[in-house]
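S.K.: Here is how the chains run, residue by residue.
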Amino acid sequence: MLLQIKDLKKHYTYKKGILGSQKGLIKSLDGVTLSIEQGETFSVVGESGSGKTTLSKTILKLIEPTDGTIIFDGEDITHADEKKMRQLRTNMQIVFQDPYGSLDPKWTIQRSLEEPLRTHMKSLSQQEMKQRVEHVLSVVGLNPEHAKRFPHELSGGQRQRVVIARALISEPRFIVLDEPVSALDVSIQAQILNLLKQLQKQLSLTYLFVSHDLSVVRYISDRVGVMYLGKMIEIAKTEELFQDPKHPYTKALLSAIPEINANNRKERIVLSGEIPSPRNPPAGCPFHTRCPLRKPECSKVVPEWTSISENHQVACHLFNQQKGE
Amino acid sequence: MTNLLTIKQLAIEFSSPTGPVRVIENVNLTLEAGETLGIVGESGSGKSVTASSIMRLLPKDLAEISDGDIQLKGQSIVKLSDSEFRKIRGSKISMIFQEPMTALNPVFKIGSQISEMILQHRKKSKKEAKAEVINLLREVGISAPEQIVNSYPHQLSGGMRQRIMIAMAIAGDPEVLIADEPTTALDVTIQAQVLELLKKIQRERGMSIILITHDFGVVAELCDRVCVMYAGQIVEQGKVSTIFNNPRHPYTQGLLKSIPQFVNPSEELYTIKGQVPAPNQFPKGCRFAPRCPMKMEICELEEPEMIELKEGIACKCHLYRGETD
Chain E
24 MLLQIKDLKK HYTYKKGILG SQKGLIKSLD GVTLSIEQGE TFSVVGESGS
74 GKTTLSKTIL KLIEPTDGTI IFDGEDITHA DEKKMRQLRT NMQIVFQDPY
124 GSLDPKWTIQ RSLEEPLRTH MKSLSQQEMK QRVEHVLSVV GLNPEHAKRF
174 PHELSGGQRQ RVVIARALIS EPRFIVLDEP VSALDVSIQA QILNLLKQLQ
224 KQLSLTYLFV SHDLSVVRYI SDRVGVMYLG KMIEIAKTEE LFQDPKHPYT
274 KALLSAIPEI NANNRKERIV LSGEIPSPRN PPAGCPFHTR CPLRKPECSK
324 VVPEWTSISE NHQVACHLFN QQKGE
Chain C
235 MTNLLTIKQL AIEFSSPTGP VRVIENVNLT LEAGETLGIV GESGSGKSVT
285 ASSIMRLLPK DLAEISDGDI QLKGQSIVKL SDSEFRKIRG SKISMIFQEP
335 MTALNPVFKI GSQISEMILQ HRKKSKKEAK AEVINLLREV GISAPEQIVN
385 SYPHQLSGGM RQRIMIAMAI AGDPEVLIAD EPTTALDVTI QAQVLELLKK
435 IQRERGMSII LITHDFGVVA ELCDRVCVMY AGQIVEQGKV STIFNNPRHP
485 YTQGLLKSIP QFVNPSEELY TIKGQVPAPN QFPKGCRFAP RCPMKMEICE
535 LEEPEMIELK EGIACKCHLY RGETD
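The listed protein sequences derive, respectively, from chains E and C. The first sequence begins at 24 in the working numbering and counts up one residue at a time. The second sequence begins at 235 in the working numbering and counts up one residue at a time.
Treat the hints with care, since some could be wrong.
Unchecked claim - Each computed SDA-like pair below joins lysine to any residue, with the alpha-carbon atoms no more than 25 Å apart:
#, chain 1, residue 1, chain 2, residue 2
1, C, LYS434, E, ILE292
2, E, LYS50, C, HIS388
3, C, LYS491, E, GLU282
4, E, LYS274, C, GLN381
5, C, LYS433, E, HIS235
6, C, LYS434, E, ARG288
7, E, LYS38, C, HIS388
8, E, LYS39, C, GLN381
9, E, LYS274, C, PHE496
10, E, LYS171, E, THR131
11, E, LYS289, C, LEU431
12, C, LYS433, E, LYS39
13, C, LYS491, E, LYS39
14, C, LYS433, E, ASP236
15, C, LYS326, C, ALA285
16, E, LYS274, C, ASN498
17, E, LYS289, C, ALA419
18, E, LYS220, C, SER500
19, E, LYS39, C, PRO340
As the list claims (entries may be wrong) - If you want the footprint, here are the derived chain C segments under chain E, 3+ residues with CB under 8 Å:
#, region
20, 252-261
21, 308-320
22, 445-452
23, 480-493
FYI, nobody ran anything at the bench for these hints, they're computed from the structure. Beta carbons: idealized from backbone N, C-alpha and C, even for Gly.
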């Protein structure tokens with residue numbers, strides 16, 4: 024087990040009322056529990072506002088959690104200070120969606136890639152740094168020649184390779200990939216997905232992959248967690264989740280994927296309405312306002328996390344009851 | 235069926251410091267009454283430029299139609315004066331965009347923005363227009379239209395804004411709707427709602443739709459025919475089911491193979507080597523030749539013709555020389 028998080032919460036307060044004297048609470052992350060094995064790709068899917076990005080940033084402590092525990096490699100890092108985190112971040116890296124926004128436009132690729140080394144490995148000589156940069160560029164399929172260029176001189180796909188190279192240069196074990204291919208065209212997306220898979224094998228990396236694109240998730244993940252309004256609502260092995268989803272939201276989400284092959288087209292469950300505002304979340308099950316299978320207790324009681332099988336958990340009253348019978 | 239919209243030999247030039255650059259060349263397409271035509275391609279393929287040129291929305295002084303013709307029911311619309319064209323835009327052809335927030339005016343209420351469209355194009359009194367707005371909002375699936383007319387765009391969610399855009403676009407009762415990436419900015423369950431809405435409106439109003447997208451799944455769900463664009467040209471067109479089951483052009487084949495949806499997770503994704511060339515660097519001969527796995531000697535010398543193949547497919551590729559139907 025490389026990463027374990029228990030009942031992780033991130034709540035924001037905001038001012039409300041005419042004079043801003045009252046305080047409201049936004050539960051961006053509301054009690055998420057999961058664990059990721061060494062060498063595994065765990066994907067988090069969900070729509071805008073589901074809390075998937077908050078989750079990934081809180082795990083790396085780019086955002087301070089409000090409550091809960093984060094255990095990385097057997098060590099509780101929930102309350103680790105900035106100095107300790109800087110050390111830990113050689114092992115935990117992140118790649119964001121927009122490669123252009125992640126690179127300083129005034130820096131050469133060489134300088135951008137050296138930056139993590141200057142922070143984390145101060146003992147390296149100039150020569151060693153140069154070698155490392157050259158090596159990591161070849162690992163992601165670029166030439167040493169690219170080190171001299173500026174971000175605007177590269178294509179979108181090349182820039183994303185540079186960002187991946189920068190995440191790799193401190194030789195981490197765990198990388199958060201937050202929508203790493205969403206801004207890319209499909210032919211470039213395929214190159215980056217292949218690269219990520221190949222790197223994982225080569226360097227035995229562990230990935231937390233955050234995405235809204237379900238066909239990409241199906242291709243790259245070992246296990247998948249589905250989030251809705253700050254809560255994890257279902258976790259299963261990838262194929263099991265796609266073949267046999269349990270939660271009504273997961274079912275609707277999967278049926279909404281536009282299907283290219285007409286023979287594979289399933290009946291679409293079109294949900295009414297949209298994700299409720301996190302400022303005013305529904306009581307009980309967060310999904311009950313849109314759920315086609317809603318029962319009376321759904322609007323009152325928060326459903327418990329229930330195991331369907333060893334690798335499949337769901338938070339839904341439909342399954343709570345089954346267990347009790 | 236009759237040809238509603240015909241594009242003949244269209245070429246579009248953008249001015250640049252080094253002289254005019256031809257970004258679109260030799261584009262021919264027809265839109266029949268009641269059909270949905272998809273235009274797919276990667277960034278820079280020219281799909282949005284083609285669509286904007288139909289609506290006369292190319293940036294003035296920067297881009298112009300340098301060759302060819304666009305006809306609506308046999309009448310050329312390229313040479314119309316601006317005031318004559320204004321009678322067509324909105325009432326015969328209208329358009330919706332990817333990001334509805336930028337297409338709506340932030341300082342006017344929803345109701346007045348839609349009724350402006352009605353007053354502009356149809357002989358109605360203000361009172362009649364007001365009633366019509368409510369009807370339109372109901373038609374696009376907004377449940378409390380009486381309240382929504384008094385709200386501002388920023389108070390609505392992305393899905394609602396796209397519904398408002400659609401209501402505005404159909405307010406003038408057009409025969410052609412151009413939808414430029416209408417669901418790209420939306421979450422997948424909201425995308426499903428908007429796609430269902432577009433299908434419903436088309437069915438009930440008998441409208442024709444041109445759908446521009448990079449998402450093959452959306453094309454498969456919504457379109458009857460599809461044009462695949464590459465580097466400013468159409469390289470293949472025909473019935474959606476025929477092209478997706480049996481793509482002929484090596485570019486279409488490559489694109490479809492690089493989509494994760496079709497691939498077993500244990501296999502590598504297919505990638506098209508290299509990248510889309512910039513408009514001032516379009517190669518001689520076939521523009522796809524430098525990236526084509528089936529390149530022949532002739533491909534870099536001579537531009538292929540659009541060849542009519544069996545099953546109503548047309549393909550711009552030397553592989554099919556002499557194989558006409």
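S.K.: Are E/LYS50 and C/HIS388 close enough, with their CA atoms no more than 25 Å apart?
M.R.: holds, 22 Å
S.K.: Is the hinted pair C/LYS433 and E/ASP236 satisfied, with a Cα-Cα distance of at most 25 Å?
M.R.: holds, 23 Å
S.K.: Given the hinted pair E/LYS274 and C/ASN498, is their alpha-carbon gap at most 25 Å?
M.R.: Distance of about 21 Å is within 25 Å: holds.
S.K.: Are there three or more residues in the region 252-261 of chain C whose C-beta lies closer than 8 Å to some C-beta of chain E?
M.R.: With 0 residues closer than 8 Å to chain E, the region 252-261 of chain C misses the three-residue bar; violated.
S.K.: Does E/LYS39 lie within 25 Å of C/LYS491 when you go C-alpha to C-alpha?
M.R.: violated, 51 Å
S.K.: Going straight from one Cα to the other, do E/LYS171 and E/THR131 come out at no more than 25 Å?
M.R.: holds, 6 Å
S.K.: For C/LYS433 and E/HIS235, compute the direct alpha-carbon distance and say whether it is at most 25 Å.
M.R.: holds, 24 Å
S.K.: Mind taking a look at whether chain E covers the region 308-320 of chain C? Criterion is 3 or more residues with CB to CB distance under 8 Å.
M.R.: violated (count 0)
S.K.: Holds or violated: E/LYS274 and C/GLN381, Cα atoms, limit 25 Å.
M.R.: Measuring from Cα to Cα gives roughly 32 Å; hence the hint is violated.
S.K.: Take the region 480-493 of chain C, compare each residue's beta carbon with every beta carbon of chain E, and decide whether three or more fall closer than 8 Å.
M.R.: Coverage by chain E holds for the region 480-493 of chain C (5 residues, Cβ < 8 Å).
S.K.: Check whether the Cα positions of C/LYS433 and E/LYS39 lie no farther apart than 25 Å.
M.R.: violated, 41 Å
S.K.: Between the alpha carbons of C/LYS491 and E/GLU282, is the straight-line distance 25 Å or under?
M.R.: The hint holds at about 15 Å.
Hint check: violations occur at hints 4, 12, 13, 20 and 21; the rest are consistent with the structure.
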